[in-house]
Structure formats: structure tokens, C-alpha cells
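**Student:** Each protein sequence line maps, in turn, to chains A and B. At position 257 of the first sequence the residue is numbered 257 (my numbering), and the sequence of numbers has no breaks. At position 173 of the second sequence the residue is numbered 173 (my numbering), and the sequence of numbers has no breaks.
Just so you know, the hints here were simulated from the structure itself, not pulled from any lab data. Treat the hints with caution; some may be incorrect.
[Claimed, not checked] Going by beta-carbon spacing under 7 Å, a handful of chain A positions derived as facing chain B:
1) Ala282
2) Ala385
3) Leu389
[Unchecked claim] Listed below are the simulated DSSO-like cross-link pairs for lysine-lysine, each with C-alpha atoms no more than 27 Å apart in a straight line:
4) A/Lys326 - B/Lys154
5) A/Lys326 - B/Lys143
6) B/Lys341 - A/Lys479
7) B/Lys204 - B/Lys143
8) B/Lys145 - B/Lys204
[As the list claims (entries may be wrong)] Listed next, with one range per pair, are the computed distances between beta-carbon atoms:
9) A/Ala44 - B/Asp227: 31 to 39 Å
10) A/Asp161 - B/Ala359: 27 to 35 Å
11) A/Asp161 - B/Pro364: 31 to 39 Å
12) B/Thr363 - A/Gly190: 47 to 55 Å
13) A/Ser476 - B/His175: 33 to 41 Å
Note that CB positions come from ideal geometry on N, CA and C, so glycine has one too.
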Amino acid sequence: MRRFLLLPSIALLAPAALRAQAAFDRTKVPTLPPAPRLVLPSVATSRLANGIGLQVVSQREVPLVQVTLSITGGARLDGDQPGLASFTARMLTESAGGKDVNELQNAIAFLGATLNSSASWDAFTVSLNVPRRSLDAALALMADVVQRPAFTSADVRRQRDLRAAGILQRRDQPGAIATLAFNGIVFPAGHPYHNPADGDSAATARLDSARVRAFYQRAYVPSRARFIVAGDISTAEAATALASHFGSWSSAERPAPVTAVAVRPVSNTAGRVFLVDKPGAAQSIIVIGAPGVSRLSPDYPALVVMNTLLGASFSSRLNTNLRETKGYTYGIGSGFGWQPLPGAFRISSGVRTDVTDSSLVEVFRELRAIRDAPVDAGELARGKAYVALGIPGSFETNGEIAGQLAELNQFGLPLSSVSAFIARVNAVTAADVQRVARRYLPVDRATIVVVGDLAKVRAGVEALKLGPVTQLEVTSVAK
Amino acid sequence: MTLRRSLAIAALAVAPALAQAQAARLRVPYTIDTLPNGLTLIVHEDHSVPIVTTNVWFHVGSGDEKPGRTGFAHLFEHLMFMGSQNAPYPQFDRLLEAAGANNNGSTTEDRTNYFEEGPSSSLRLMLWLEADRMGWLLPTMDKPKVDLQRDVVKNERRQSYENQPYGLVADVLPHLMYPPSHPYSWPVIGSMADLSAASVDDVKDFFRQYYAPNNATLVVAGDVHPDSVRAIVREYFTEIPRGPSITRPAPPAFTVKDTAVTLEDRVQLPRLYLNWHTAKSTHADSPALQLAGYVLAGARTSRLTQALVYSGELATAVQAYNDAKRLDGDFSIVATARPGKGLDTLQAVIDRQLERLAAEGPTPRELEQARNVIEAQFLRSIQTVGGKADQLNEYYYQTGQPDGFQDDLDKLRAVTAADVQRVVRLYLQAPRVMVSVVPQGKQALAATLKKVTQ
Numbered sequence: 001m002r003r004f005l006l007l008p009s010i011a012l013l014a015p016a017a018l019r020a021q022a023a024f025d026r027t028k029v030p031t032l033p034p035a036p037r038l039v040l041p042s043v044a045t046s047r048l049a050n051g052i053g054l055q056v057v058s059q060r061e062v063p064l065v066q067v068t069l070s071i072t073g074g075a076r077l078d079g080d081q082p083g084l085a086s087f088t089a090r091m092l093t094e095s096a097g098g099k100d101v102n103e104l105q106n107a108i109a110f111l112g113a114t115l116n117s118s119a120s121w122d123a124f125t126v127s128l129n130v131p132r133r134s135l136d137a138a139l140a141l142m143a144d145v146v147q148r149p150a151f152t153s154a155d156v157r158r159q160r161d162l163r164a165a166g167i168l169q170r171r172d173q174p175g176a177i178a179t180l181a182f183n184g185i186v187f188p189a190g191h192p193y194h195n196p197a198d199g200d201s202a203a204t205a206r207l208d209s210a211r212v213r214a215f216y217q218r219a220y221v222p223s224r225a226r227f228i229v230a231g232d233i234s235t236a237e238a239a240t241a242l243a244s245h246f247g248s249w250s251s252a253e254r255p256a257p258v259t260a261v262a263v264r265p266v267s268n269t270a271g272r273v274f275l276v277d278k279p280g281a282a283q284s285i286i287v288i289g290a291p292g293v294s295r296l297s298p299d300y301p302a303l304v305v306m307n308t309l310l311g312a313s314f315s316s317r318l319n320t321n322l323r324e325t326k327g328y329t330y331g332i333g334s335g336f337g338w339q340p341l342p343g344a345f346r347i348s349s350g351v352r353t354d355v356t357d358s359s360l361v362e363v364f365r366e367l368r369a370i371r372d373a374p375v376d377a378g379e380l381a382r383g384k385a386y387v388a389l390g391i392p393g394s395f396e397t398n399g400e401i402a403g404q405l406a407e408l409n410q411f412g413l414p415l416s417s418v419s420a421f422i423a424r425v426n427a428v429t430a431a432d433v434q435r436v437a438r439r440y441l442p443v444d445r446a447t448i449v450v451v452g453d454l455a456k457v458r459a460g461v462e463a464l465k466l467g468p469v470t471q472l473e474v475t476s477v478a479k
Numbered sequence: 001m002t003l004r005r006s007l008a009i010a011a012l013a014v015a016p017a018l019a020q021a022q023a024a025r026l027r028v029p030y031t032i033d034t035l036p037n038g039l040t041l042i043v044h045e046d047h048s049v050p051i052v053t054t055n056v057w058f059h060v061g062s063g064d065e066k067p068g069r070t071g072f073a074h075l076f077e078h079l080m081f082m083g084s085q086n087a088p089y090p091q092f093d094r095l096l097e098a099a100g101a102n103n104n105g106s107t108t109e110d111r112t113n114y115f116e117e118g119p120s121s122s123l124r125l126m127l128w129l130e131a132d133r134m135g136w137l138l139p140t141m142d143k144p145k146v147d148l149q150r151d152v153v154k155n156e157r158r159q160s161y162e163n164q165p166y167g168l169v170a171d172v173l174p175h176l177m178y179p180p181s182h183p184y185s186w187p188v189i190g191s192m193a194d195l196s197a198a199s200v201d202d203v204k205d206f207f208r209q210y211y212a213p214n215n216a217t218l219v220v221a222g223d224v225h226p227d228s229v230r231a232i233v234r235e236y237f238t239e240i241p242r243g244p245s246i247t248r249p250a251p252p253a254f255t256v257k258d259t260a261v262t263l264e265d266r267v268q269l270p271r272l273y274l275n276w277h278t279a280k281s282t283h284a285d286s287p288a289l290q291l292a293g294y295v296l297a298g299a300r301t302s303r304l305t306q307a308l309v310y311s312g313e314l315a316t317a318v319q320a321y322n323d324a325k326r327l328d329g330d331f332s333i334v335a336t337a338r339p340g341k342g343l344d345t346l347q348a349v350i351d352r353q354l355e356r357l358a359a360e361g362p363t364p365r366e367l368e369q370a371r372n373v374i375e376a377q378f379l380r381s382i383q384t385v386g387g388k389a390d391q392l393n394e395y396y397y398q399t400g401q402p403d404g405f406q407d408d409l410d411k412l413r414a415v416t417a418a419d420v421q422r423v424v425r426l427y428l429q430a431p432r433v434m435v436s437v438v439p440q441g442k443q444a445l446a447a448t449l450k451k452v453t454q
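The shape of chain A in the complex, shown without the other chains:
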């Protein structure tokens, strides 16, 4: 199959001289030229006078500018208030800078801009995308949102009610229930990833302006902030524009400490099964996984290649088996959570109710197969090429460039590490793949979650004897 091995060997079978004459031979896979070399965007790095870091990538073709502000922190700072960080982020784009929410939102929309604020588990992000011609006016609004949010009681109450309704609606979504259950089990209470980033209904009911304002003052601090600008703008223009809107941003508060996390994820020594009943569900959601590994691990490139072959490409073993061969699912995938604190490895899929147990059997068959035997040379080459050659396509738009930089920043990695990553991917061997599969895949210690019609699937799943079975209620998982 694939390219490093397969295509060159095909090239030998179809010499150029033959192809040039007469009709070409349609039965031969075409010979491809060498792939283009990756040329990374050039990033200009500087600081504003108040110390805020700035990275600028100029690209002139589209009259759009992306401005991304990242602040280290995120839901890790929630403490005993799950959802506080993401709620605060949501409140930034309500009333701000002396404008009520209508005036502010009207002004943003009038410029053709999008201005969004969010919190992940590990960082806050405020993201502006705007036609070049409206950049200055949009930055003024962004500065209001970041530095002068109002947090009025009326805004907080309204958004709190909306959030409560959204949390209620999670109960309608089997996929969300499965994810909530899995995270709640693998990451125990006290671990930042235990709670959903948008919290639960009890914590939501306690949200008020005072809590939100106090959190904002501890968390939104310039000393933890960095801007990334990508688009139709020069380095100097970007620095000037940001200095004029953010140069005087300072914080009187001491930043909340981002403390080390003492609670570790739960690594089982044996499998265990959690069932959630959704009577009448048209399919079952299955999640199989375990605590993962740091992205800064030297095994990272081998893990990416291994996971590509296992479940992160269309032709991966899991998708080929469960979708293309058996017809059990519309799609199945696997992945490691590459967050600053190691996330989980998980396989997830929606499968036909009547083959819920058979699907689990096939998932474990594939986990064992990639652990017990080395991948063949063609498959390995395909996976490596798919990862390495796909990278230029992930730097196409302003938003993608800013996103790639922001992600690297989270790990303290320079942009040049992308080239190094490609070289390391190309050096991965079949033995490496097998080694990381043995070390990191949870063949005998998986946490397994099944959300479906238990009257139909429970007996089959129990008969597999994958581990002790616990039933969870929807209302306690999505609480």
C-alpha cells in the first residue's frame, strides 16, 4: 500500500519511457513526484511594553486578520466551582466597556467580526477574526471585553439560566453522557479533568456576579497572556495596534496560582465496565480507554503513528474492521488527549444495539493485534506518510496558523519543532509502534463505558467478562 514503500516500487515497474509512448497504462497506479518540502510560516516574536508576548505571521492574500489572546489558566483554576472558568469566559462578551450587551454585540456584528471567548481545561482564549478594514475598531471592542467586562447581575442571571438549560440538555445526548461518565471515572475528584469544563447544575446555581468578578481578577492577568496575530497585517502594524489597545493593561490582583496537580488519574490493573441505561436508544455508544501520556514524552511521534494506524485515519484497523468489514458502525476512532496534563486515551463509537457486545470483542481484538505483532512495512509507511505529509494542510488559514501556534505554546514548543516532529515521524519503526502499543494501550486494564438500551445489551456485555459491571444513572452522570 502506501507511499514511501509502495509508490517508489511501483515507479520501478512503470518506467517513464513506457508511459511516454502511446496510450498510458491505466492499470498502473501513477508515479508521484516527491512531496513538497514543508516551509513553515515565519513568525515574528516580540513583546508589548507591559511584557505581553506577541507572535505575528503576515499573510497578505486575504483581507482578514485573526487575533488570538491566550492566557494560561483555564478550568484548572475552577477549584470547588466547576464551570466557573468557562462561565467567566462566556460573560466577557456580554456587557463591557460601558456598553450593554446589545450595544457591544451590535458593534461587533456591524464590523463583520467574530469575537469569542472560551476556557479550556488549561487556558483562556479570546479570539477575534475581522476584515482588515475594521481591525482597529474591532480591537477596541476586544480590549473592552478583555479589560473592562461589566459582569452585571442581570447578564449573569440570564446566562446562568441558559447554562442550566444546556446542562439539562446533555441528558439527551448519549455521546455526551458517555464522555462525562468516562472522564468522571478515569479522572477522580480533585483532578482538573474530572468535571466537565462547563460544570454541573449545582455549581451553576451558585454562580453570581461577585464570584465571577473575583475569578476574573485572579485569572485574567497580563503576566500570563500572549497574543498571536495572523493575516493581512505587518509585524510593525500589529505591534502598534496591540500596544494602543492593550499596552496599558495591568492587574492589581495577584494571579491565582496554577498549582501542581496532586490527584492522579485512575490506572486500573484490570478491566471494568460501566453501563448507562437509555431505554429505546437506537444505538449504543461505547467508550474504551485509560489514562494517557504526556505529549512531551519521547514516545510522542511513535504514539501518533501507532494511533493513526489503530483508529485515527479512515483506513485504520478499527474503522476498517468495525465499519468497512462488519458494518457495525458509521465510524469509530481512537485518540490520545494531548493536553498539558496528560489526557486519556480513548476509543469511541456509536454501534448497532444488537452488536454492542460483538463490537467490544472486535475493539479488543484490534488492541491485542497491534500490541502482539509488528505492523507490516506498507501499513507503517502509509501511517507515517499520512501524518507527515498532511501537516502543510493544517497551516492553510489564519485561524489554523494561530491555532497551531497556540497549541505549541501550551507545551513550550517552538514552531521549528514541527519540522523536527516530521523527521521523528519518518524515523518511527515497526518495533517502535509495537513498543508503544504494549506500553500505552489498555488491553487488560480498560475502563469501558456503554450508553444504550440496557434491556437489550446488558446480558451480552456481561457475558464478555471484561471486568466488574457497575450501572450508572443518566441523572447522576449528567448532573
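Got chain A; can you put chain B on it based on the hints?
**Tutor:** Coordinates of chain B only, in the frame set by chain A:
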């Protein structure tokens, strides 16, 4: 030097003063020509990132199916990846992945598209694979392939409809909106029964009718040279024979009555769907309808969002949009109630806002905001070679002019407040199809049928 980015929209860069001025002219340079077998080729050259995309539109969708055999065009979308004579299963996906490329496809009522995207070095492979399945799919088509992808599509249906809250509305709405003889009267994905009924011969007949070069348009966009693309396309596609010419009978005329239907679903909150027939995509009223959708619910301060979510605090969210297709358009308003609220209350607020907009029209500032946002959204849609290829194909299919989007943006600029007022009166006060989705056993929360005031 930087690599990336994607536009290559030359003139785009001009930046007129914001609010009122005419927006810059967008230009996506392209070449177009047609092979003797009828295949249309459009090439857009853009060397900003070393990637290429190929994007084939077959002008066939669920609207070309027959009652009792629905879901075919979409089932076909799946079968097109199942191997052809010279690239047997599973080579299509594997060869592309080995070249660092991705692929996918999608189906609507009107068309099916297939696209690949990867490093520019993979162009020849993409075109060879596309040619092989356009010309040599049937020799390898057999019952096991059809059976397997039929199962996959049924799984897709479970995942996207049956197991999604409110998912069954998409299944019911086409039947409520159109008479059974109309090509839009069934959902694109088809029914479980029709999917079960499809035979290999049905599949082969459908392919021979519609999947021919004269019913297809191929766009190649990205880090390529048009002359070289044309040479490769001629080499690979020329010998594929032209298919039968396609005549499509005019859809039947029909009248719509005010209709109210209630579905019970496993949901926490009731949701209201209001739907009107509007006009086909090329109709002169389409830009005004698009603007009406924005003025009603496009921004957090839009009229319905204000009335239902912000000041009224009756709904958690509301959307409004005009979906203009080749034969007809539908305008939809979808609102989800807050806990404790019934759908009659939401409906009354929506009706009041529609009456207001019909009576007064949008303010100049609302109109200008809507135009600015829609233009910016279009710009964002053509930031990628994939997005540009899809727009070139779409506009060629709908208007014969691959870069016809500039005309649309001009028309959008020309829409007046009176135009918006007129289309709201003409289309959104007409009879409509209303669907209430309520939690099981909570029929009392549904909206009830009543005559819309004119």
C-alpha cells in the same frame, strides 16, 4: 518566506471604508473548458500553500430518486469509495492516505460531491482515482459491497437521526413540506425500508444514468499549473464515454396549507420548527430572504434572539435561515423553549416579530450589519482551496458562472429595506408547516394550529 495561506484572490484586497461603500470585487481566477465527452474542468491556481484539492460534482442528488428507492444518491456516495476496476477496494483510501491526502463526499437534494485534498504531489493520483471510478466502477460492483454500505448508511441514519435529540424532524419535514410526487418530498438519507430494497441492478442503472462525464464538473484548485492539469485530465478522462442526456420533468405544482404536527421525543426541552416555502436559489428574492434570516436571528441582538432569548427569556436559542435549492427554497425558524415554557408562547412571539418586520422593514443599520456579516462569512468560506473549489462548483452548477458569487454579493448590497419587508410579507406570512417536538407525554407543551394573520 511564509508558505501558507490560501487565498490568491487577487483584487479582494481593496478595502473600502466600512459601512456603506461597495465591497471590494472578489476575484478567484479560473480557467474552464469542456472535454469532448462533456466533462467540464475548472482550474484555479494558487501557490500559497503546497496543497491541491480535486472536487467533483455529479449533478445528481436525492431529488433524482424514485419513490420507493430513496436514499440512492447518498448510498452511491458511499459506494464510490468501494473500489473500481484498476483501484480495487480498499485502494482508494489507502493510496490517498499513503500520499498524505484526505478525501470525503457529501450529498444533497441536488448534487453529490467528492473531494480530495493533499500535498500538491498527489494530484496525479487523485485524478487517476477519480477517473477510474467515473469510468470503471461497475465492473467491480457486487451485492456484498452494496449490502455492506447499506449497513453503514443505516448506521449513519441511526447516529444522525434516530439517536440524536430532535433528529427525526429531518425525517418528517420533507414529507410535510412537499406532495409525494415532488423530488424533495423525502429525506436525502432515505428510509430504512428503501435502503433495504436497493438491488445491485438498481444501483447499476442509477450509475449509468447519472454518473457520466457530461453530468459532472471537476474543479482542481491549489498549487498546480492549469496546462499541466488539463493534460492529465485529458489523459485520464477522455476515454470515458458520455452518458445519456438527462431530462428532468418540472416538479409538480402544489399548494400548502397551514399544518401543525407534534412529535414526542426523548428530549428535556420542547422545540418549535416553523417552515415556509420560499424561492429557488437563482430567484431574485433569495438575497433578501438571506438578509431576513440574519435580521431575525443571525446575531445575538437580532430580533428573534432579542425577543426570545434575551429580553423575553422564553427560549434557550433560536435560528432563522433560508435554504435555497435548485427547485425551491425553505425558510426555517427553529426555537428551543426554556424549562417550563410551552411552544405556543414562543410561536406568539415569533409571529409578532414577523408582523413587525413585515410592517416596518429592517432599519438601515440592521441591513448594513447583515450585509457586512454575510460578506465576511463568504470571505471566510473561501480561505481554503477546498472552500474555493466548492464555491466554484456550486456557482457553476447554479448559474453557469463559476465565480458568480460576486454577482450574489452585489445583489446582496443592492437589497433595500423595502425588499426585505416585501419578502417577509410574501413568503413568511403564507401558510406554513409547524412541527412541535415535545418530551414524551408532554403534548400540552406543543404549539397549536391557528390561522396566521395576514
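**Student:** If a hint holds in the structure, say so; if it doesn't, say that too.
**Tutor:** Right, here's what the structure says about each hint:
1. Ala282: With Cβ-Cβ at 3 Å, under 7 Å, it holds.
2. Ala385: holds, 5 Å
3. Leu389: This interface hint holds because 2 Å falls under the 7 Å limit.
4. A/Lys326 - B/Lys154: holds, 13 Å
5. A/Lys326 - B/Lys143: holds, 15 Å
6. B/Lys341 - A/Lys479: holds, 21 Å
7. B/Lys204 - B/Lys143: Holds. B/Lys204 to B/Lys143 sits at ~11 Å (cutoff 27 Å).
8. B/Lys145 - B/Lys204: Status holds; Cα separation ~12 Å.
9. A/Ala44 - B/Asp227: 31 to 39 Å: Given about 37 Å between the Cβ atoms, the range holds.
10. A/Asp161 - B/Ala359: 27 to 35 Å: holds, 31 Å
11. A/Asp161 - B/Pro364: 31 to 39 Å: holds, 33 Å
12. B/Thr363 - A/Gly190: 47 to 55 Å: holds, 53 Å
13. A/Ser476 - B/His175: 33 to 41 Å: The hinted range 33 to 41 Å holds for A/Ser476 and B/His175, with Cβ atoms some 39 Å apart.
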